[in-house]
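Student: As you go down the protein sequences, you meet chains H and A in turn.
For the first sequence, counting from 1, position 26 maps to 26 in the numbering used here; every step adds exactly one.
For the second sequence, counting from 1, position 392 maps to 392 in the numbering used here; every step adds exactly one.
Wrong hints could be hidden among the right ones.
[What the hints assert, rightly or not] Below are the BS3-like pairs computed for lysine-lysine, each with C-alpha atoms no more than 25 Å apart in a straight line:
#1 Lys301(H) to Lys276(A)
#2 Lys317(H) to Lys54(H)
#3 Lys298(A) to Lys276(H)
#4 Lys298(H) to Lys284(A)
#5 Lys251(A) to Lys140(A)
#6 Lys301(A) to Lys298(H)
Note that these hints are calculated values from the structure, not bench results.
This one's a predicted model, so the numbers in the text were calculated from it and none came from an experiment.
Number of protein chains: 2
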Amino acid sequence: MTHTPKNVLIVGAGGVAQVVAHKCVQHADKFGGIHLASRTLDKCQAIIATLAQKNLPSDAITAHSVDALDVDALAELIRKIDAKIVINVGSSFINMSVMDACIATGAAYLDTAIHEDPNKVCETPPWYANHEWRKKDAFKAANTTAILGIGFDPGVVNAYARLGVDEFFDVGSVTDIDIIDINAGSHGQYFATNFNPEINFREFTGVVYSWQNSAWQTNQMFEIKRTDDLPEVGVQHSYLTGHDELHSLSKFLDVPNIRFWMGFGDHYINVFTVLKNLGLLSEKPVTLDDGREVVPLKLVKAVLPDPSSLAPNYTGKTCIGNKMRGKKDGKPSEIFVYNVVDHKAAHEEVGSQGISYTAGVPAVAAAILIADGVWDVGIMVNVEELDPKPLINLMNTMGLTTRIQDDNGDRLLEFS
Amino acid sequence: MTHTPKNVLIVGAGGVAQVVAHKCVQHADKFGGIHLASRTLDKCQAIIATLAQKNLPSDAITAHSVDALDVDALAELIRKIDAKIVINVGSSFINMSVMDACIATGAAYLDTAIHEDPNKVCETPPWYANHEWRKKDAFKAANTTAILGIGFDPGVVNAYARLGVDEFFDVGSVTDIDIIDINAGSHGQYFATNFNPEINFREFTGVVYSWQNSAWQTNQMFEIKRTDDLPEVGVQHSYLTGHDELHSLSKFLDVPNIRFWMGFGDHYINVFTVLKNLGLLSEKPVTLDDGREVVPLKLVKAVLPDPSSLAPNYTGKTCIGNKMRGKKDGKPSEIFVYNVVDHKAAHEEVGSQGISYTAGVPAVAAAILIADGVWDVGIMVNVEELDPKPLINLMNTMGLTTRIQDDNGDRLLEFS
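Using the sequences and the hints given, assemble the complete structure.
Tutor: Structure, rendered in structure tokens:
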């Protein structure tokens, strides 16, 4: 079976987009033309300029300027460049319009994070039902593939969850999936967020939803803490946090307890708590003495370091994975399926830090699987609805290796 | 000797102005007409409206609108109402223009805080030489009295310092004056400043100047800490802080070590440190994503509670005084001269919290001493250049009692 090479369009020009751009070019043999579009052409060209630093051909990507909220303009671009796959790694506010452009053109759609409404912080679970899943019928009618949330988390951790249920425990015995996201790296700044502060803080300012005893439970941020001794990064504290993947895993897997834990140092929590309690993370405008209205969070964003400026000095590692409990041969069993990325190695390879790296590589792996026809399912799916094994095997060759810790020790996970 | 009653003009309409207004009306027999002027007439009328709540006559004060930065307009008002005494308790930015209006009209001038240039945070010591003292010749030529910094600190603590040197130690033996300012009160908010945050934070963002070994020494804020067990407020921590009074006491008293210590709780320091390190206390504008320029400090001011809103719920006490060391009859001796104010009692009496109360009462006492001719010196002076005894005695009758702790115990300080 032969494939006509598929043209790919990357939408967005931040840290994750840079990783996606480099990885697409590294695997250019899997694609036809590679295109990069953002509202600001300069940002696309800045990413393209980094290719040469990594001995990649600068002419491998074509830059375009487009407003991704303008469905007609984006659809016109997709048709003009004949893109068959759109990798949306722009802001979380553009998912719905990029999806509409894909439905209109039949281009496969990928993203790495859930849609956010700029005017709402925390919506009713399951979150996907508020936005993305409303397009399921339209994607099906158009016989067009949409893979939601195929970064690392959400994304690879959904695949890990599916693997846990299918491969490593007795059928129907998995009781607990704890997704643990630790960034044990250091950026050397007093304080910074690893991606857009406006999105970053939204994850922690609202109610924390988790799936426990097969129902939604609510907590406050930093209310529930756990401590794990993890491979390569050692003893780490993390906190029960609301996160995208819970909202699909709770629907597609029959597992009563699915929780997400994000690692935070005491210093981060202190700064966050001060800013939150003072009202400085609010999206509601306040009035200055001169009568102007300013959204506090936008001012905080302006004083914090630009996340993209952190990469060159980032040291240390990330460790993200799933602790899963169930029964194996009738006996209680626990395993940890995980990935570790070194910030410095990521920067040396693609010019971005490890967090962008873990988000961008899976999206390109998924694009390759669509290009190869393996994941080109013609409907809208979340990652746990797909066969995880091709993704794990492919990522092992692309810089994101999956390992497993169980009673048999710690080893690379691969499938024949 | 009889005096024609002197008309008094209060400039400003904040918390201290409210105290000054109430105290002037309480002592209306010492003055002629009492006038209150601010840029915003409504603010003056709001203060006047509080008189009735304390069973004082509402018609005892006349409100005026004036821009205190407009020397001609202010001089015209002073002439129109025939004010002989101007009590400047407006923002720290207006001292120089109010002084010019007093020089032009011959009205006596009083203020409670040093002039601040909106564009400079920390200036070269002695600070008075940068601004106020440049008007010394003009006040002398006009035979007009100006008393600088006659709040509590600066103000009463300068009088305490003078008393220490003149009364309680062997001549020329005082080696150390440590001015300690403790607010052991609670406003019940997560965080708030007790007066305008724009001015409040300026005290702690620059270099800390102190007078040690007869020279200026510089430190960082929160670098040097002391702990004292103080009357009524107990064990309290305070930190070496730059403050107005050091800049005149170092010139007018021959004392080698003069330091100012301000009390801060760990929570205050934490919030301050986070805000400062993030750049949120900066007066330099930052650019938002939408291109607008915003001064971070002005946004912080907008999210913090209005200091004037704190008074009704303020509980606890302030303790401000001078620890002084020298020799008495040839032997080492230490004394503490101090005042304690209860926030709730202050609010019940004049509708303001204790910190405004300690700043406002001395200014009115000084105005009475000018009206009586006792302090109407016809030149510009700092408080320590005047006889402190009439001030101490008068304040003892006005709600601000001075006490002394020495080898003979703790007792009211009064002079016959």
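Student: Determine for every hint whether it applies to the structure shown.
Tutor: Here is what the structure says about each hint:
At most 25 Å may separate the alpha-carbon atoms for a hinted pair to count; lysine 301(H) and lysine 276(A) meet this at roughly 15 Å. For the given pair, lysine 317(H) sits about 21 Å from lysine 54(H) by alpha-carbon distance, which is consistent with the 25 Å threshold. With a C-alpha separation of about 17 Å, the suggested pair lysine 298(A) and lysine 276(H) falls inside the 25 Å cut-off, and the hint holds. Between the alpha carbons of lysine 298(H) and lysine 284(A) the distance comes to roughly 16 Å, so the proposed pair stays at or under 25 Å and holds.
Between lysine 251(A) and lysine 140(A) the CA atoms are separated by roughly 19 Å; this keeps the pair inside 25 Å, and the hint holds. For the proposed pair lysine 301(A) and lysine 298(H), the alpha carbon gap of about 16 Å is at most 25 Å, so the pair holds.
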